[in-house]
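The sequence shown begins at 1 in full-length UniProt numbering and counts up by one.
Treat the hints loosely; a few may be bogus.
Listed next, with one range per pair, are the computed distances between beta-carbon atoms [said to hold, decoys possible]:
| hint | residue 1 | residue 2 | range |
| --- | --- | --- | --- |
| 1 | Ser147 | Asn29 | 44 to 54 Å |
| 2 | Lys101 | Thr28 | 29 to 39 Å |
| 3 | His68 | Lys141 | 32 to 42 Å |
| 4 | His68 | Arg140 | 37 to 47 Å |
| 5 | Gln9 | Ser107 | 17 to 27 Å |
| 6 | Gln133 | Glu40 | 16 to 26 Å |
| 7 | Arg119 | Lys141 | 34 to 44 Å |
| 8 | Asn146 | Gln123 | 14 to 24 Å |
| 9 | Gln145 | Asn117 | 40 to 50 Å |
| 10 | Arg65 | Ser147 | 42 to 52 Å |
| 11 | Asn146 | Asp121 | 38 to 48 Å |
| 12 | Gln144 | Thr28 | 35 to 45 Å |
Keeping only pairs whose Cα atoms sit at most 16 Å apart, straight-line, the calculated EDC-like set for lysine to aspartate or glutamate is [claimed, not checked]:
| hint | residue 1 | residue 2 |
| --- | --- | --- |
| 13 | Lys141 | Asp25 |
| 14 | Lys141 | Glu14 |
| 15 | Lys60 | Asp25 |
Keep in mind the hints are simulated off the structure, nothing from the lab.
We put the CB at the ideal spot given by N, CA and C, even for glycine.
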Amino acid sequence: MQQALQAAQQAEIEGEVPIGAVIVDNLTNQVIAQGYNQRETRQDPLAHAEIEAITAACQKVGSWRLEHHSLFVTLEPCAMCAGAIINSRITNVIFGACDPKAGSVESLIHLFDFPYNSRPDYQSGVLAPECSQTLTTFFRKIRQQNS
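Kindly produce the complete structure, drawing on both the sequences and the hints.
Rendered as structure tokens:
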């Protein structure tokens with residue numbers, strides 16, 4: 001999760017909402033890909049941290065199937081990202097802060113509980129205070145700049 005937080009910091013440096021993600025190969029325990037929000041930079045609504053990490057991981061392993069891989073992300077995935085996680089067959093999802101406005105793992109909707117052919121295990125709250133503080137600080141700065 002520390003590496004996901006580092007990716008989130010890179011997003012913030014680039015003026016993006018600081019959300020970061022990494023994908024770990026469960027067999028080697030090595031990080032194989034990372035991603036961070038790039039929606040503003042790319043003007044692409046799909047450029048969420050999870051999507052960026054999943055895309056990079058698929059390119060690295062040469063397959064769209066990421067069985068035996070875990071995703072660490074600083075914020076609870078939204079519906080789009082949860083769908084991508086399910087479709088890529090990621091085994092485990094570990095996230096930091098819950099997202100009461102868009103979270104689709106345990107906040108608004110529980111997409112991983114639906115009977116899809118692939119359902120990842122998940123754990124929430126890992127380094128939640130640090131993940132939440134990163135977002136709180138970012139949005140506080142934005143509000144101050146806009147007032």
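Okay, the hints, checked on the actual structure:
no. : hint                        : result
1   : Ser147 / Asn29: 44 to 54 Å  : 46 Å, holds
2   : Lys101 / Thr28: 29 to 39 Å  : 36 Å, holds
3   : His68 / Lys141: 32 to 42 Å  : 39 Å, holds
4   : His68 / Arg140: 37 to 47 Å  : 39 Å, holds
5   : Gln9 / Ser107: 17 to 27 Å   : 24 Å, holds
6   : Gln133 / Glu40: 16 to 26 Å  : 21 Å, holds
7   : Arg119 / Lys141: 34 to 44 Å : 38 Å, holds
8   : Asn146 / Gln123: 14 to 24 Å : 35 Å, violated
9   : Gln145 / Asn117: 40 to 50 Å : 46 Å, holds
10  : Arg65 / Ser147: 42 to 52 Å  : 48 Å, holds
11  : Asn146 / Asp121: 38 to 48 Å : 40 Å, holds
12  : Gln144 / Thr28: 35 to 45 Å  : 44 Å, holds
13  : Lys141 / Asp25              : 36 Å, violated
14  : Lys141 / Glu14              : 14 Å, holds
15  : Lys60 / Asp25               : 11 Å, holds
Consistency with the previously given hints fails for numbers 8 and 13, ordered from lowest to highest.
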